[in-house]
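Those protein sequence lines, which keep their order, are chains A and B. Position 105, counted from 1, in the first sequence is what numbering that gives the first Met the number 0 calls 104; the numbers after and before it change by one each time, with no gaps. Position 293, counted from 1, in the second sequence is what numbering that gives the first Met the number 0 calls 292; the numbers after and before it change by one each time, with no gaps.
Don't read these hints as lab results, they were simulated from the structure. Among the hints, erroneous ones may be present.
Since the list gives no way to pick out one identical chain from another, each pair is judged satisfied if it fits inside one copy or across any two copies.
[Unchecked claim] In the SDA-like style, the derived pairs of lysine to any residue whose C-alpha atoms are separated by at most 25 Å in a straight line are:
#1 Lys169 to Pro180
#2 Lys333 to Gly102
#3 Lys333 to Ala174
#4 Lys169 to Asp184
#5 Lys333 to Cys304
#6 Lys333 to Pro182
This one's a predicted model, so the numbers in the text were calculated from it and none came from an experiment.
Number of protein chains: 2
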Amino acid sequence: MAGLRVGILGATGAVGTELLQLLEERSLPLEELRLLASPRSAGQQLPFAGETLPVVEVSEDAFQGLDLVLASAGGSVSRQWLPIAVAAGAVAVDNSSAYRMDGAVPLVVPEVNPEDLAHHQGIIANPNCTTILMTVALWPLHRVRPIQRIVAATYQSASGAGSRAMAEMKDQAIAILQDRPPPTDIFPYPLAFNLFPHNSPLNEQGYCQEEMKMVQETRKIFHAPDLRVSATCVRVPVLRAHSESLNIEFQTPFPVEEARTLLGQAPGVRFVEDWQRNYFPMPMEASGQDDVLVGRIRQDISHPCGLELWLSGDQIRKGAALNAIQIAEVLLEKNLLG
Amino acid sequence: MAGLRVGILGATGAVGTELLQLLEERSLPLEELRLLASPRSAGQQLPFAGETLPVVEVSEDAFQGLDLVLASAGGSVSRQWLPIAVAAGAVAVDNSSAYRMDGAVPLVVPEVNPEDLAHHQGIIANPNCTTILMTVALWPLHRVRPIQRIVAATYQSASGAGSRAMAEMKDQAIAILQDRPPPTDIFPYPLAFNLFPHNSPLNEQGYCQEEMKMVQETRKIFHAPDLRVSATCVRVPVLRAHSESLNIEFQTPFPVEEARTLLGQAPGVRFVEDWQRNYFPMPMEASGQDDVLVGRIRQDISHPCGLELWLSGDQIRKGAALNAIQIAEVLLEKNLLG
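For reference, chain A alone in the conformation it holds in the complex (with noise of 0.2 Å):
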């Protein structure tokens, strides 16, 4: 194969320039690079490897011959123009909540199933970010002994809301700092030396759709259709990366040293743990970083077969933009493209 022509439906926004930076920095072979946006941000123009793009408004016909699709525009977006996209003979990799629930879809971890290409229809559905997070660090785990139950409380950075919010955290902290009143135009609430249980839609049982998302894209993803999950699921005042603690129960012990080794031999996962200094895995240091921080493995003490687990990712990065284009890259690798 010559090289890929690749389409960015949403390159402006804050996974679209992430994606940007990882086709520079990773080995996809590209012959043409086409950025896609809305009326409204097209006409911009985008710096990629020493050039400048300019970024094209979406059309029918923006996407003849493209082999491949990345879209991180939003779910309506997907829904508008994916379709239309794969009948053009594109691949299309949604990185939205669109399709994600699609039986007809993939939706892929690529360290957990990948096998699950094999089968796409022209759109396969990347995860939501705490949800690539999370199993990242548990399937290690799970293939071993399958995992019973997760409770699941998050720590989710500003970031996650984009980059207009990111700017906002950051408006309020002077503000704050400075005694005035601070901003709320994107969040419903003051995030900054504040937190707040995460402000998507609630359903009847009063699990919002950040929750229901880890319940349901784990079990997908996992091919554990009765795994339990229950997830808490808070934003706190972190400018980038997502943390977890995660409580995991299996049907028998798992002991704490083979869970230790299991994770440390694990894609994907960095092992971040030194009990004497009290470093575990830190936003801070996961900003950036392709790995997801693994670490506070624990035996715990209220359940003899449950484990105790922390960990600090990058949700732009591993958990929206970097799966996007490992997912591309298998496509490449097993020749599921076009």
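We have chain A already, so just place chain B on it with the hints.
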């Protein structure tokens, strides 16, 4: 009783400052207020009720004539001086961890186990902040159907590490916003825009002291030696007030509506839930409040006998100073002083 002669040991710290404010606000009859501190802090003057009180150096004679000593100067100071205070005839309410697990010392949250005060032998222990907040919220449920297991994840503010820690986090935020390296004199790692597992010493099982306090103190306060508790304590970049995500297991299902009704009537609890607005307890709103804000009660979808619950509470106020003052109020009311 004419009025109480009260001493505060550690009057210049974050909790000491709050104790002074609460003594101004609340109704304990004061005949004398004596401020005691280490040689380092002695000589300062602190405002109280329109006057200025001197901080005097703690000594063998400093407790003479006192009815009540409120101690918040750390474990070693309490161990050194409280036996002397008690020998001099005072009752001591200790905010440090020195005596909490001493079988002869009541560990009391007035909303939960005020009856334990009856058996005091001079020293009464105030529980750790995270434990106080959790027990106030869970006792109304536990007394109806005993809790079998708690899995807690905490979101603890900088102020839990003292007023200098709060100041350091503000300095860190300014430094990071100005692209300068953040100072870390008090915390081991930058806390502003970051977070990390609680940096108290770790035991052989990998649990830190803060976590084991939640385990052991809750058992003692609830008189439930077999209660199973696991906790993950995390320091977050919030100035004041701690939050906790609590997963609670009962032996039989606990209807959510019943839990909601019980917590709506519970002393020390303010029920904060507006599902339409996605509005739940936040540390920003818990700061400076007497009540623990509790909400987001959900049936745990991963366990038929489980509930999920979220809280925020001011750990300097109810988590420390207020609880100590409330203990003193019960002691006075039940004639247990002197």
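Hints and how they fare:
no.	hint	verdict
1	Lys169 to Pro180	both (13 Å within a copy, 16 Å between copies)
2	Lys333 to Gly102	within (22 Å within a copy, 66 Å between copies)
3	Lys333 to Ala174	neither (52 Å within a copy, 48 Å between copies)
4	Lys169 to Asp184	both (13 Å within a copy, 23 Å between copies)
5	Lys333 to Cys304	neither (38 Å within a copy, 46 Å between copies)
6	Lys333 to Pro182	neither (49 Å within a copy, 49 Å between copies)
Violated hints, in rising order: 3, 5, 6; the structure is consistent with all others.
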